[in-house]
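Engineer: Turn these sequences into a full structure, and let the hints guide you.
The residues making up each chain are set out below.
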Amino acid sequence: MAGGVLPPPSNRGGTGWGPLRVPLLIPTWVMIGIFLLLPVLLMAVYSFLTKEFRGGVIWDFTLAAYDQFFFDRGLFGDEPPVIEWTYISIFWRSIWQAGVATLACLLVGFPTAWFIATRAPAQRTVWLFLITIPYWVNLLIRTVSLKFLIRDNGPLNEALIGLGLLDHPLPLVNTNLAVQLGLFYSYLPFMVLPIYAAVERYNFALSEAASDLYAGRWTILREIVLPMVRPGIVAGCILVFVPSLGAFLAPDLLGGAKTYMIGSLIDEQFKGSQGNWPFGAAIAVILMTMVLMVLMAQARAALKGERK
Amino acid sequence: MKTYLTTAAALALMAGTAQAEGKLSVYHWFEYMPQELVDKFEAETGIEVTIDTYDSNEAMLAALKAGKIGQYDVAVPGDYMVAIMGHEGLLGSFTPEELPNFAKIDPKWVDVPFDPARKHSIPYQWGSTAFSVNRDVYQGDINTLAMIFDPPDELKGKINVLDSQGEVLALGSLYLGIPQCSTDKAQLKALNDMLLNAKQYWASFGSDTAKEVLVSGDAAAGMIYNGFSAKARAEGAKVEYAYPKEGYVLWMDNMVLLKDAPNRENALKFMNFLLEPENAAAVTNYAAYTAGVMGVEPFLDEAIKTSPENNPPADGPTGVFIEACDEATQKYYDAIWTNLKK
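Chains as they are written, first to last, in the UniProt record's numbering: chain A, 1 to 308; chain B, 1 to 342.
Since the hints were derived computationally from the structure, they do not count as laboratory data.
Since we're looking at a predicted model, the values are computed, not measured.
Every residue, glycine too, gets a C-beta built ideally from N, C-alpha and C.
Each statement offered as a hint is correct.
Part of the chain A face toward chain B, derived, beta carbon under 7 Å:
| no. | residue |
| --- | --- |
| 1 | F53 |
| 2 | G55 |
| 3 | G56 |
| 4 | L75 |
| 5 | R151 |
| 6 | N153 |
| 7 | N174 |
| 8 | A257 |
| 9 | K258 |
| 10 | Y260 |
| 11 | K271 |
Chain A residues, not near chain B, derived (Cβ > 12 Å throughout):
| no. | residue |
| --- | --- |
| 12 | A209 |
| 13 | W218 |
| 14 | L292 |
| 15 | Q298 |
Only pairs whose alpha carbons sit at most 20 Å apart, straight line, appear in this in silico EDC-like list of lysine to aspartate or glutamate:
| no. | chain 1 | residue 1 | chain 2 | residue 2 |
| --- | --- | --- | --- | --- |
| 16 | B | K331 | A | D78 |
| 17 | A | K258 | B | D150 |
| 18 | B | K331 | A | E52 |
| 19 | A | K258 | B | D208 |
| 20 | B | K342 | A | D72 |
| 21 | B | K65 | A | D267 |
| 22 | B | K341 | A | D72 |
| 23 | B | K189 | A | D78 |
| 24 | B | K108 | B | E297 |
| 25 | A | K271 | B | D52 |
| 26 | B | K189 | A | E84 |
| 27 | A | K271 | B | D208 |
| 28 | B | K65 | A | D60 |
| 29 | B | K185 | A | D78 |
| 30 | A | K258 | B | D334 |
Structural biologist: Quick look at the structure:
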């Protein structure tokens, strides 16, 4: 087991393309270079530059942006530095919102995916189609529509009051709950589809076998089904969590923009009157580092799981 | 087939004129220029106009600084942004003789603090920023900024404020009676604390939703631009626009000639066109603000001419422009805004 995180080189190299290998790979390298590495590198470099007043950068290298993120020197910058909690708490709030949304997506998405995957093949296509229909509409429009539904004098509250369940409208708009609901609704299919793909491949004979060996339904789910469909669940969670983390449509429209989320904080550095590009770049670098760490830890865990 | 040929010939001709007369590249706010007016200019001059839009002064500045300068001929910054763009060296200059209609500018808008003697800009539209209150919800006197910063019980938790640092901090400073670009620590601290306390009464921050939340009833009071408030009233909201006794924010959008404008001559033709009272009035009728040109009255819609949002009480308070602070001072205001939204 010493070293080597890579899988054994069973199907790498020696595919017979010979001298064509390099020219055929060039388009991929160019794509990755121009559209992935270059922008990320640019962002990283900008985060170490000096801010120009009202937007732009001066080419003097400094750690000022990171200092601003981590250290608080008071409103007037003349106090001894203490840990700056402002931005950490914004990160924490975003992570929390994205986490709740991911959990909600999982709790609803797993049974949904299970249901679809256990229908007759012809029916499955119809169900999948139904799942994707709302997502042909622009995200902004769906978010605004959701706001219309849950507002104080919207249909949901009017129905609840009309049925006599409430006498005051339930305050939903401009709350954290509304933001989580918005994120949940925006990204639900990203949870359903990967889990569906995993469940569809699951061999139900295994469940029957376990049942014959006196495993209860709960045990079958925990010991057999979940480990088998785990890659789908993990993929779904990542696909929901990562975009939720940077989202700012739902927080702005449903949450009332009263508090920054990571996405709106970065946006403000480039478009707001503060115009602090290096700081915006630094926040993005810190966020990306965190996300990469989580993804790498997940990849390592997945590899270990496969070797078992 | 014949029609087809004629159309093709006409198109070719049009393309010919467009090329002969050239182009004009406008960088403008969204929904701030009626299409009919653009069509009229194109028909009169044969100049082909292309318009790109932005949604905030800061976004426009960022785009120009990021390399779009030299690509556009004219833009429409607000008052303080004209001053900033001047400092940044983003503006081109002209002389009054180059604009035959220069004399039609309302004299009170010629020597403005952000562009003395109008060397780079002409007035586009102006108005005020204060707030509106739903009169069904609150019936008392609304002409004080306390409605937003220390509201009566009826309005608590039902207030929308603009998601815009400049306006919120300027109105807050007016409420406390302190200068806009203060360096006095006690004053800055007071502003910071007052805003943090007021935030508990606010339901949301939103600029482009400022009208919609009043119409839908999500907010019972909201900071808003006067023209936006007039539109909310037209859409059925029972709102009244306030002229707070502590003062309110005045703003003026201006069309500026940009540095390195690729079509400078056409830009000046367009600016001159917009100083024509009939054309300035067309923008006013569309946007419900006020033109900075004399002689527009005969062309204005009746509703605009008499709207309370466009006619501040004669004995009422005066408005002030938002000031552009220097870098060292601006840092404090940025910190206060971040504190407010963290």
